[in-house]
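S.K.: Given next are the chains, with one letter for each unit.
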Amino acid sequence: MVQYPKVFRSHDGRAVQVRPLAPEDLLPLLRFFTALPEEDRRHLRVDVTRRDIVERRMSPPPHWNALRLVALAGERIVAEASIEHRTYGFESHVGQVRLIVAPDFRGIGLAGYLGRQVLAHGVAENLAKIEAHLMQDQPAARRCFEKLGFEPEGTLAGFVKDVKGKEHDLLILALCI
Amino acid sequence: MQTFPQEVRLRDGTTVVLRPMQEGDLDRSHRFFRKLPEADRLHLRMDLTDRANVRIRMEATDALEHWRLIALQGEEIVGDATLHRPRYGWMRHTGEIRCIVARELQGRGLGGRLLNELFQEATRRGVERLRAEVTPDETAALRILERLGFHAELTLRDRRRGPDGVLRDVIVMTTHITQLWNRLADLMQAMDGEGRERH
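Each protein sequence line maps, in turn, to chains A and B.
Quick note: the first sequence uses the numbering used here, first residue 1, plus one each step.
Quick note: the second sequence uses the numbering used here, first residue 1, plus one each step.
The hints are simulated quantities; they were obtained by calculation from the structure and are not laboratory data.
Take these hints with a grain of salt, some might be off.
[Stated by the list, open to error] Just a sample of chain A residues kept apart from chain B, beta carbon distances all over 10 Å, derived:
id, residue
1, Pro5
2, Pro23
3, Leu72
4, Arg143
5, Cys144
[What the hints assert, rightly or not] Partner residues aside, some chain A positions facing chain B, computed with beta carbon under 7 Å:
id, residue
6, Ile53
7, Tyr88
8, Gly89
9, Lys129
10, Gly154
11, Phe159
12, Lys161
[Stated by the list, open to error] Using C-beta positions, here's what the derived DEER-type ranges look like:
id, chain 1, residue 1, chain 2, residue 2, range
13, B, Leu184, A, Glu151, 32 to 40 Å
14, B, Arg183, A, Cys176, 32 to 40 Å
15, A, Gly112, B, His151, 33 to 41 Å
16, A, Gln3, B, Thr3, 55 to 63 Å
17, A, Arg9, B, Glu38, 51 to 59 Å
A virtual CB, placed ideally from N, CA and C, is assigned to each residue, including glycine.
Generate coordinates for the entire structure from the input sequences, incorporating the hints supplied.
M.R.: Listed below in structure tokens is the structure:
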């Protein structure tokens, strides 16, 4: 069993504490989301500036297993990573990964570190396959997942709409364990 | 606007009643899934011979996101159709359809009728893009969806592990709602044409 909190140290000397999301993280989490550049928020699957949505997503839906990690610099949340999967049914071997990092904490290896943490959880949960769903036009995120071993499975044209109502292609990346 | 319950006469004269699934349908639904041949049950998302799973299916899903329609013959369910449309998020303009018909009622137009109800509900809910998932061995379902203008857009490897433990790929078939209605209009016209020739 993995012990948290853990500390991630970047090569430029920054230390970030990594631990599972806790109920009292709601406000820092909302601050993290609203501080993201609009361009980044456009790529997220829900409108994270809405408190009701973020609050509802603090705990996994019934019959889902989820690990949600937050990375903290002091009191500030600077990244969030999660993996979730159903605990019942014929798709309970498939997990889905999400990863969001604040702009000033990118390029220091934090995304990769968090990605490996949630993948390790997926392995421990005996998942056979892990997916990441992105918009087609997120090259940086795609590179990050490809570095973790994900491969593209294909796209669904127009299957995602950003907060402004513009359609994008959904790209599915997968890692078979 | 259609109201339910609705009595429907199938091609061979059999009548069934369509209505949305209700809370009291748990045992009925469980019986329906238990009676399905094993080969058909492999195409479901979970083992629905297990009553606990039937309950999860009925309760653990957001009622506003799932619209479930059943076909009844007497007291028994003979068809089960679902439209899933996320309430929030980046896929809120999309809907997923699923449809299962009891073996003894297949080939009488019930599946087509249920699908049509799903398409109408999807249109009412503002769904713009539709998807359906099939495994490669579901050739009949593939053919029906292709006839309706759906196309295979993506294959998800090893996406399902059935009760036999085997991992199966899933083919994601998609269409746009406008294309779908155009396609249905074309099919209707073609059927009218055939009808006239026969007279």
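S.K.: Starting from the hint list further up, note which numbers the structure goes against and sort them upward.
M.R.: Failing hints: none at all.
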